[in-house]
Amino acid sequence: MSATTTQKIDPKGVTLWERHYPGPDLISTRTFGFWLYMLTDAMVYAALFASLGVLSHVVNLAGGPPPAAIIDPVYAYGETITLFLSVLAYGYSMVALKSGSRGGVIGAMLVSMLLGVVFLGIAATDIGHLFSRGIIPETSGFLSIFFTILIYHALHILVGIVWMLVMIAQIARDGFTANVVYRLINLRLFWHFQAVIWVFVFTFVYLQGMVA
Amino acid sequence: MLVHLQGPWTPLLGRLTLQQIPYQNPILLGTFIFVAILGVIILVATTRYGKWGYVWREWLTTVDHKKIGIMYCLVGLVMLFRGFIDALMIRTQQAIAVGPKSPGFLGAVHGYLTPFHVGQIFTAHGLIMIVFAATPLLVGIMNIIVPLQIGARDMAYPYLNALGLWLTTAGAALVMLSLFIGNFAHGGWYGFVPYFELPYSPGVGVDYWLWAFQLSVLGTTLGSINLIATIVKMRAPGMTWMRMPIFTWASLSANLIALTSFPVLMVALALLGMDRYLGTHFYTAGMGGNLMLYNDLFWVWGHPEVYFLILPAFGMMSEIIPTFSEKTLFGYATMVIASFAIGGVSWGVWLHHFFTMAAAPSVNSFYSVSTMLVGIPTGVKVFNWIFTMYRGRVRYELPMMWALLALFLLLVGGMTGMMNAFASSDYMWHNGVFVVAHFHMMVLLIAASVFGAVEYWFPKVFGFKLEQKWGKWFFWFMVLGTGWVFVPMFILGIAGMTRRLDYIPYTQWAPYLHVMLVGMAFYVVAVGFFVAHLYVSLRDREKNRVGADAWGTTRNLEWMTHSPVPAYNFAFIPHVNARDEWAWRKEHGLAELHAGDYEDIHMPKNTGVPLFLGIFSMGLAFALVWRIWWLALLCLALIVALIIIRSFDRDTDTTIPAQEVDRVERAARDGVTENGPASDLLGDPVVATSSIRSESGGMGGKSSAAQPAWAPMDR
Numbered sequence: 001m002s003a004t005t006t007q008k009i010d011p012k013g014v015t016l017w018e019r020h021y022p023g024p025d026l027i028s029t030r031t032f033g034f035w036l037y038m039l040t041d042a043m044v045y046a047a048l049f050a051s052l053g054v055l056s057h058v059v060n061l062a063g064g065p066p067p068a069a070i071i072d073p074v075y076a077y078g079e080t081i082t083l084f085l086s087v088l089a090y091g092y093s094m095v096a097l098k099s100g101s102r103g104g105v106i107g108a109m110l111v112s113m114l115l116g117v118v119f120l121g122i123a124a125t126d127i128g129h130l131f132s133r134g135i136i137p138e139t140s141g142f143l144s145i146f147f148t149i150l151i152y153h154a155l156h157i158l159v160g161i162v163w164m165l166v167m168i169a170q171i172a173r174d175g176f177t178a179n180v181v182y183r184l185i186n187l188r189l190f191w192h193f194q195a196v197i198w199v200f201v202f203t204f205v206y207l208q209g210m211v212a
Numbered sequence: 001m002l003v004h005l006q007g008p009w010t011p012l013l014g015r016l017t018l019q020q021i022p023y024q025n026p027i028l029l030g031t032f033i034f035v036a037i038l039g040v041i042i043l044v045a046t047t048r049y050g051k052w053g054y055v056w057r058e059w060l061t062t063v064d065h066k067k068i069g070i071m072y073c074l075v076g077l078v079m080l081f082r083g084f085i086d087a088l089m090i091r092t093q094q095a096i097a098v099g100p101k102s103p104g105f106l107g108a109v110h111g112y113l114t115p116f117h118v119g120q121i122f123t124a125h126g127l128i129m130i131v132f133a134a135t136p137l138l139v140g141i142m143n144i145i146v147p148l149q150i151g152a153r154d155m156a157y158p159y160l161n162a163l164g165l166w167l168t169t170a171g172a173a174l175v176m177l178s179l180f181i182g183n184f185a186h187g188g189w190y191g192f193v194p195y196f197e198l199p200y201s202p203g204v205g206v207d208y209w210l211w212a213f214q215l216s217v218l219g220t221t222l223g224s225i226n227l228i229a230t231i232v233k234m235r236a237p238g239m240t241w242m243r244m245p246i247f248t249w250a251s252l253s254a255n256l257i258a259l260t261s262f263p264v265l266m267v268a269l270a271l272l273g274m275d276r277y278l279g280t281h282f283y284t285a286g287m288g289g290n291l292m293l294y295n296d297l298f299w300v301w302g303h304p305e306v307y308f309l310i311l312p313a314f315g316m317m318s319e320i321i322p323t324f325s326e327k328t329l330f331g332y333a334t335m336v337i338a339s340f341a342i343g344g345v346s347w348g349v350w351l352h353h354f355f356t357m358a359a360a361p362s363v364n365s366f367y368s369v370s371t372m373l374v375g376i377p378t379g380v381k382v383f384n385w386i387f388t389m390y391r392g393r394v395r396y397e398l399p400m401m402w403a404l405l406a407l408f409l410l411l412v413g414g415m416t417g418m419m420n421a422f423a424s425s426d427y428m429w430h431n432g433v434f435v436v437a438h439f440h441m442m443v444l445l446i447a448a449s450v451f452g453a454v455e456y457w458f459p460k461v462f463g464f465k466l467e468q469k470w471g472k473w474f475f476w477f478m479v480l481g482t483g484w485v486f487v488p489m490f491i492l493g494i495a496g497m498t499r500r501l502d503y504i505p506y507t508q509w510a511p512y513l514h515v516m517l518v519g520m521a522f523y524v525v526a527v528g529f530f531v532a533h534l535y536v537s538l539r540d541r542e543k544n545r546v547g548a549d550a551w552g553t554t555r556n557l558e559w560m561t562h563s564p565v566p567a568y569n570f571a572f573i574p575h576v577n578a579r580d581e582w583a584w585r586k587e588h589g590l591a592e593l594h595a596g597d598y599e600d601i602h603m604p605k606n607t608g609v610p611l612f613l614g615i616f617s618m619g620l621a622f623a624l625v626w627r628i629w630w631l632a633l634l635c636l637a638l639i640v641a642l643i644i645i646r647s648f649d650r651d652t653d654t655t656i657p658a659q660e661v662d663r664v665e666r667a668a669r670d671g672v673t674e675n676g677p678a679s680d681l682l683g684d685p686v687v688a689t690s691s692i693r694s695e696s697g698g699m700g701g702k703s704s705a706a707q708p709a710w711a712p713m714d715r
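Protein chains in written order, with UniProt numbering: chain A, 1 to 212; chain B, 1 to 715.
Just chain A, same shape as in the assembly:
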């Protein structure tokens, strides 16, 4: 703005107030905030992976088993397949949302949820197997961060499963209201985000651990 503009402006020629202003769109505002939340969670994972990088040094094994000795790629492979199928099922639920089919959304979400449960089952088997061999987080600095990353990711899956249960109940009760739809979209972001993070877990924890 130039400071010299003191000429009179015709009040009828300018808009001073917004009539019937609807405000920002609810769904896009909520979704934007959820992207920001995911950025914070990505920073948490970044810090955890950085810690893994630091604590993977041979000093941090403290006489405990090295990564290559404890990693069983079969479990991780099974988890990968299950999680990606679950994300695919969630994608179908979003397709059903576009056509407005309550049954379709709930059905596909149930499949997605069950696959999430299977994922948790495999993860629990993997971790339980290690625990039964006496390989626990308290053994060494490396194992502390190893289990922390796996369990933190599994906790997210658990939250997603509970969230899906809640959404199924809300779809059944309310149908596709704005509140339900924005939550479904945010849950989609959340669920895909877990799969993306799993790619990093698979790469940094499993693959890198095996070649280390």
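Please keep in mind that the hints were generated in silico from the structure rather than gathered at the bench.
Remember, predicted model here, so these are calculated numbers, not experimental data.
Beta carbons are placed, not taken as given, at the ideal position from N, Cα and C, and that holds for glycine.
Zero decoy hints are in this set.
Covered by chain B, per the in silico footprint, the following chain A stretches (three or more residues, Cβ under 8 Å): (1) 22–35; (2) 43–52; (3) 61–71; (4) 165–176.
Listed below are the simulated DSS-like cross-link pairs for lysine-lysine, each with C-alpha atoms no more than 30 Å apart in a straight line: (5) B/LYS605 / B/LYS233; (6) B/LYS543 / B/LYS67; (7) B/LYS472 / B/LYS543; (8) B/LYS67 / B/LYS233; (9) A/LYS12 / B/LYS233; (10) B/LYS233 / A/LYS98.
Which bits of chain A does chain B cover? Going by a derived footprint, with three or more residues having C-beta under 8 Å, they are: (11) 9–17; (12) 144–150.
We have chain A; now place chain B onto it with these hints.
This is chain B only, laid out in the frame that chain A set:
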């Protein structure tokens, strides 16, 4: 999996026993009696005047961003007072405990505080001042002002906003609780590992520190999501990025820092917690732990954090200085770029916190240079403020005085910061009081900006100005205290005094420590004037009522709506035509034009859920501190259940009917016209000295004060 603890533990109360209540310490006993009496007075008064319903409906359950902001500021103010008392105790202890012949009182060998007690005090002072005083004050002001500046009716997520407040309050309450039950951490506010590990600090102090910190981190992260989304999504039509007020820009860059750095702290603290509770080995001295990992993770947050604090302070200065120079801000675009440059560089400087920890010279050089780089955008800002004042009509009202003090402190703190940035000289005074004096210059800059901002925006939020006389006494005693405390501290730092001392072996330092004590006396007097300032302002509030444009030369959207601001902020959302929209309207004679014919306004409904989430979080933290597992599980289950139940609530909105809006708007106008001094402001919003006043005289100069020239206009 849980770590086996030494000492008594019961399933019902965990580690909590009667011996944990320090009634034998006269200082804590006195504090407890003071707090208890204060609490009883407040409770009795609230009951007596039948205000519980009011407090519940209007404050505890509110989702109004202005009220949440006010409560944030109140929390910050209470904790500022607490942190100040801590500072007073550190300074008096150090002034007494000099040399082997110094006397001892209250069971201490030197001074009146035992080393363990001093440790708790400086740890609490650091944590409180940064996390529970400065942060809530700044977040509170951002909370109030940012939605008003961008022409929004509320924050993007009002419910989340309240949750952020109550989580922060829960953290602050936990710190206060540690005074009377158990003890607090005693090894510095940023937690030395492995000293903070269970074998070396087996008490509950570190756990209090850990969970209070963690709660506030959670609250601030949620708040930053909210503020960023508000600024990006909720701006009024016509407000392009380059028309955004500079305080909003500063808030945006500060909250981007918070959004990206606070989660890292969350990890740093969570891993330490796992070490203490589950026996993992992230930072332990043996068993594969790495203590530098903690330092790195902590300062990856810790250094960006100081810019998170200082950028809003810069934003406040950038609002105050143009208003009281009666000019537009010089170099708007460079100001925006500088804010983001500071935010960006903040990520590349954390390692300068451990120049002396045997990093390679190349690493030290990198961090040395990047630290100095911060000076460039900061320098740009300083020159912009100076050029704003140059050939302006500078009015030395209280907000401006505080802003100028902040500018001066920025110069002193910035220059000494450059001295610290040289890794070579940093070897001499690392962990010394020179560094302490430097960062106190910087945080006092923040405090000065906050006091200025409170003076500046107070009439907007409460509808009356703070009186000036006692405020000026407060200001000058703050200046005196700052000089007398921190100039000797710089000298002592160069002389080699290290920080966190409970006993000073060198008697030749005594004169400086006594001079600093004089400075503390000035600060105490300043606190007295501050209370008088508030009291007199409240008493004379009817005399000091103001209209919308309290200072006459304000420039942004927030000054277009009434003071105090109605619940819905703007009866109609303003359309933004220019940067400094309000100044533009005044300049072109459009200031008196109001839109009539009001419409219903949709607003979020009050809810008690965030308050209860805060209470349960505090219960969870308290249970974890004392390892009362059943209570922790119960609180966790309640939190999860409450979040789920709330998501099923369909009745979250309310509508303010058009008649109500009309009534409030009329009352606000009439209320102003009935009052003497303020009526001038409505009829003639720009005072005669203003350079902005346009020749057209279009802002109602001809209309009489009793009959404001506002007409329903449909534009």
